[in-house]
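Colleague: The primary structure of each chain is shown beneath.
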Amino acid sequence: MSKTGAGNFFEDFRIGEVIRHATPRTITVGDVALYNGLFGPRFAVQSSDVFARAIGYPCSPVDDLLVFHVVFGKTVPDISLNAVANLGYAACRVLSPVYPGDTLSAESEVIGLKENSSRKTGIVFVRSTGCKPDGTKVLEYVRWVMVRKRDEAAPAGGDHVPRLPEAVLASTLGDACPRIDVASYDFTLAGSPYRFGDYQVGEKIDHVDGVTVEEAEHQIATRLYQNTARIHFDQFNGGRHVSPLFAGSTVFAWSEVLSRAEVPGRDEVGALRLRTVATKDRSCADFPLKAGEEDDPAVLLDLDYWVLMPR
Amino acid sequence: MSKTGAGNFFEDFRIGEVIRHATPRTITVGDVALYNGLFGPRFAVQSSDVFARAIGYPCSPVDDLLVFHVVFGKTVPDISLNAVANLGYAACRVLSPVYPGDTLSAESEVIGLKENSSRKTGIVFVRSTGCKPDGTKVLEYVRWVMVRKRDEAAPAGGDHVPRLPEAVLASTLGDACPRIDVASYDFTLAGSPYRFGDYQVGEKIDHVDGVTVEEAEHQIATRLYQNTARIHFDQFNGGRHVSPLFAGSTVFAWSEVLSRAEVPGRDEVGALRLRTVATKDRSCADFPLKAGEEDDPAVLLDLDYWVLMPR
Amino acid sequence: MSKTGAGNFFEDFRIGEVIRHATPRTITVGDVALYNGLFGPRFAVQSSDVFARAIGYPCSPVDDLLVFHVVFGKTVPDISLNAVANLGYAACRVLSPVYPGDTLSAESEVIGLKENSSRKTGIVFVRSTGCKPDGTKVLEYVRWVMVRKRDEAAPAGGDHVPRLPEAVLASTLGDACPRIDVASYDFTLAGSPYRFGDYQVGEKIDHVDGVTVEEAEHQIATRLYQNTARIHFDQFNGGRHVSPLFAGSTVFAWSEVLSRAEVPGRDEVGALRLRTVATKDRSCADFPLKAGEEDDPAVLLDLDYWVLMPR
Numbered sequence: 004m005s006k007t008g009a010g011n012f013f014e015d016f017r018i019g020e021v022i023r024h025a026t027p028r029t030i031t032v033g034d035v036a037l038y039n040g041l042f043g044p045r046f047a048v049q050s051s052d053v054f055a056r057a058i059g060y061p062c063s064p065v066d067d068l069l070v071f072h073v074v075f076g077k078t079v080p081d082i083s084l085n086a087v088a089n090l091g092y093a094a095c096r097v098l099s100p101v102y103p104g105d106t107l108s109a110e111s112e113v114i115g116l117k118e119n120s121s122r123k124t125g126i127v128f129v130r131s132t133g134c135k136p137d138g139t140k141v142l143e144y145v146r147w148v149m150v151r152k153r154d155e156a157a158p159a160g161g162d163h164v165p166r167l168p169e170a171v172l173a174s175t176l177g178d179a180c181p182r183i184d185v186a187s188y189d190f191t192l193a194g195s196p197y198r199f200g201d202y203q204v205g206e207k208i209d210h211v212d213g214v215t216v217e218e219a220e221h222q223i224a225t226r227l228y229q230n231t232a233r234i235h236f237d238q239f240n241g242g243r244h245v246s247p248l249f250a251g252s253t254v255f256a257w258s259e260v261l262s263r264a265e266v267p268g269r270d271e272v273g274a275l276r277l278r279t280v281a282t283k284d285r286s287c288a289d290f291p292l293k294a295g296e297e298d299d300p301a302v303l304l305d306l307d308y309w310v311l312m313p314r
Numbered sequence: 004m005s006k007t008g009a010g011n012f013f014e015d016f017r018i019g020e021v022i023r024h025a026t027p028r029t030i031t032v033g034d035v036a037l038y039n040g041l042f043g044p045r046f047a048v049q050s051s052d053v054f055a056r057a058i059g060y061p062c063s064p065v066d067d068l069l070v071f072h073v074v075f076g077k078t079v080p081d082i083s084l085n086a087v088a089n090l091g092y093a094a095c096r097v098l099s100p101v102y103p104g105d106t107l108s109a110e111s112e113v114i115g116l117k118e119n120s121s122r123k124t125g126i127v128f129v130r131s132t133g134c135k136p137d138g139t140k141v142l143e144y145v146r147w148v149m150v151r152k153r154d155e156a157a158p159a160g161g162d163h164v165p166r167l168p169e170a171v172l173a174s175t176l177g178d179a180c181p182r183i184d185v186a187s188y189d190f191t192l193a194g195s196p197y198r199f200g201d202y203q204v205g206e207k208i209d210h211v212d213g214v215t216v217e218e219a220e221h222q223i224a225t226r227l228y229q230n231t232a233r234i235h236f237d238q239f240n241g242g243r244h245v246s247p248l249f250a251g252s253t254v255f256a257w258s259e260v261l262s263r264a265e266v267p268g269r270d271e272v273g274a275l276r277l278r279t280v281a282t283k284d285r286s287c288a289d290f291p292l293k294a295g296e297e298d299d300p301a302v303l304l305d306l307d308y309w310v311l312m313p314r
Numbered sequence: 004m005s006k007t008g009a010g011n012f013f014e015d016f017r018i019g020e021v022i023r024h025a026t027p028r029t030i031t032v033g034d035v036a037l038y039n040g041l042f043g044p045r046f047a048v049q050s051s052d053v054f055a056r057a058i059g060y061p062c063s064p065v066d067d068l069l070v071f072h073v074v075f076g077k078t079v080p081d082i083s084l085n086a087v088a089n090l091g092y093a094a095c096r097v098l099s100p101v102y103p104g105d106t107l108s109a110e111s112e113v114i115g116l117k118e119n120s121s122r123k124t125g126i127v128f129v130r131s132t133g134c135k136p137d138g139t140k141v142l143e144y145v146r147w148v149m150v151r152k153r154d155e156a157a158p159a160g161g162d163h164v165p166r167l168p169e170a171v172l173a174s175t176l177g178d179a180c181p182r183i184d185v186a187s188y189d190f191t192l193a194g195s196p197y198r199f200g201d202y203q204v205g206e207k208i209d210h211v212d213g214v215t216v217e218e219a220e221h222q223i224a225t226r227l228y229q230n231t232a233r234i235h236f237d238q239f240n241g242g243r244h245v246s247p248l249f250a251g252s253t254v255f256a257w258s259e260v261l262s263r264a265e266v267p268g269r270d271e272v273g274a275l276r277l278r279t280v281a282t283k284d285r286s287c288a289d290f291p292l293k294a295g296e297e298d299d300p301a302v303l304l305d306l307d308y309w310v311l312m313p314r
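Residue numbers (the working numbering), protein chains in the order written: chain A, 4 to 314; chain B, 4 to 314; chain C, 4 to 314.
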């Protein structure tokens, strides 16, 4: 009856269904500035048009995580307004660079459904995609989320758990990164002297300084992403959503190099597979992860991802 | 003696006086991004240049409320630095679309003055206008506000209460909205399937989700608008200013369709007159408004306005 | 061993060493909007492209303090990550206007070193410079800061305290300000009727309204400036860093005209040397500065600087 959107419940989803999400968004330098003010990235490529052009971009690209958050935000009203818990993400790939002025839209395909035995909830698996107006895909990822049922007696729209890759294959990387002119890559301006060859598998890096998150900050971020989740956006993870973060807490992080790989056809960059673990209110000097068999209770996020590094 | 601007007091205003306000402002995509981060609008026309162009705009226009706040902010140093209370707004019309890169300036004509019997304060009525450099009016509204006197014995600059319309006439609407190509209006991307014909007079809509307002958020908004009011900007209302909002409170809202109207010469859009009521720390599921003869104490804002909807 | 940058310690600096700082930055209208939202400036030249063009700029320049903060932020990872205290700034000059779209990089020359008698810390003096890609200097300043030693036994990299000017000479001012068309300078739109000739040496001005600073605000500012100081950025001073400011406090300020000067070759503007004193949680109506021989404990900042005013 009411025009208030109640969102989809578990029994509303059908396997194979494709959902076009509302609110296409033109990303501007204003969005980039506010993202910078909230997250504090210091990548030279994203920070300086001059640096970006020197190595082969037409101008500074938009940070991949801002692209992720904007695309993700669009999926919320259709996928997870009635979510009980975010369960995981997989197969996330950045497929094309995004520049200020580009307009992004998003759609999701339902690729799996699994009702829980309680019949009160079920798990919805979607493959979500962000696109430019000409159809160029900029991002895709699989997400699974536990969603409430409106009616316990309603039948599920399918029963299938998709097979998901343990990790993104290195051979599929690099579409969002043009060929880099490494001779013009100024390592001093980049802020780090280390190249691909300087990283060893098993190496761990403590990122040292913590960042305190305030209510106003995560709320501004949520609205910047046009994310309508009732509990506000907290953080995403590329594997497991371990624990929520509340305002006033301080986030620390460490990373480990999981593996190194060549990227086919690319001799100027190499790929590092990293695991970044974030904690709340606990230093990462000793690389916390497990407490016996269990997760360390301070762990917020356990993210497995690839980065390209100049050689 | 001091160069510190003390602002105007009630006895400083004269009926018919026109005040040019300081600090013209070029609205940028940066202002739009920060407005989005603070308020979280999700209108497809304002969000996507591609969507806007498809239906007849040259690019995404700036949200009318951002235009209102910027114009309003300019009036504060001259009109309400010594205000005791905002009393009301009327006859507010959006007269021309504003695009990023446009520069706005503001002026106000004093159209009424009424000293209070205490002789300590008086009510100032102004018609304020926002303009582009070529003189195009983008916004006008009437506001009345209670302002302190510097000197109780000083004579008032006039004694006249202007006649103000109960509501904006539908026949005067639409100047800020180009002719819309409804065939290209993608209702899925817009996020709502409802057209003008789907709304009934008397229909009420609960907007469900509340938004908590933090100190940092309203302070950043105030400065974004270059509003110099000492108590910071809280909210505006299109009729009555019912109660202040303090940081930490959560705002909820509901709306009612008051009437439906044709817009002369426009067969592609219709006008809905809406009443939106906002509350603090109280759900709007039961559409709160009155508590007996009195206003419900949770009501913050009671706003009467028209919107154009595609047919 | 670790790739985590530990920053330089006192014994790592050498007199005459030039350090190129990382993370060049393209300043955008987005950065300007967020700066405005955090600080609330209302200068007509920086606010309106139309006003700026009328008087001789190609468009609104970026606020000098935003330029300062961005350049300063880049120096932090190399100069002051291990700072105990900021001690002072001198000889700061704005050398060229910066416009949205300009890219800034920064470098610092070590011009002095003085180990403290405890041998636990020493004072580092640097001259830091911000540049555009074509080498145009936009800003330079000298800063001195007390930095920890990694190893008490390590020898200092030099022993020299540079001679610094008591004040910037008026004859060196004006490079960042094009010739102004004062006939087109609209004093009403500027928000103040006062010209150079209206200010007298010794005149004091209370800026009246305080501004409360919240955690989210100073944290967003710090990240906007890509400043990596562990304790977050608080405020800078042009002489003495008197006392830290914590979130929740309210800042007030007053200014005194210290002197008036001609600018060589410029008959359309004159220079005022100002002292601005900021306090926390204390009104400036009585121009607080000293409490007996000591600084008034409420004083946060004591800034000595020149401004150009139209004649």
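Any given hint could turn out to be false.
Any copy will do: because identical chains look the same in the list, a pair fits if it lies in one copy or spans two.
To be verified - Distance condition first, Cα-Cα at most 25 Å in a straight line; then the derived PhoX-like pairs of lysine-lysine:
#1 283 - 152
#2 117 - 152
#3 6 - 117
#4 293 - 135
#5 6 - 140
#6 117 - 283
#7 135 - 117
#8 293 - 283
#9 135 - 152
#10 140 - 117
FYI, nobody ran anything at the bench for these hints, they're computed from the structure.
Colleague: A separate judgement is required for each hint: does it hold in the structure or not?
Modeller: Cross-check of the supplied hints:
| no. | hint | in the structure |
| --- | --- | --- |
| 1 | 283 - 152 | neither (32 Å within a copy, 30 Å between copies) |
| 2 | 117 - 152 | within (12 Å within a copy, 60 Å between copies) |
| 3 | 6 - 117 | neither (29 Å within a copy, 44 Å between copies) |
| 4 | 293 - 135 | neither (41 Å within a copy, 48 Å between copies) |
| 5 | 6 - 140 | neither (32 Å within a copy, 34 Å between copies) |
| 6 | 117 - 283 | neither (32 Å within a copy, 39 Å between copies) |
| 7 | 135 - 117 | neither (32 Å within a copy, 57 Å between copies) |
| 8 | 293 - 283 | within (14 Å within a copy, 43 Å between copies) |
| 9 | 135 - 152 | neither (33 Å within a copy, 52 Å between copies) |
| 10 | 140 - 117 | neither (28 Å within a copy, 57 Å between copies) |
Checked against the numbered hints above, the structure violates hints 1, 3, 4, 5, 6, 7, 9, 10; every other hint is satisfied.
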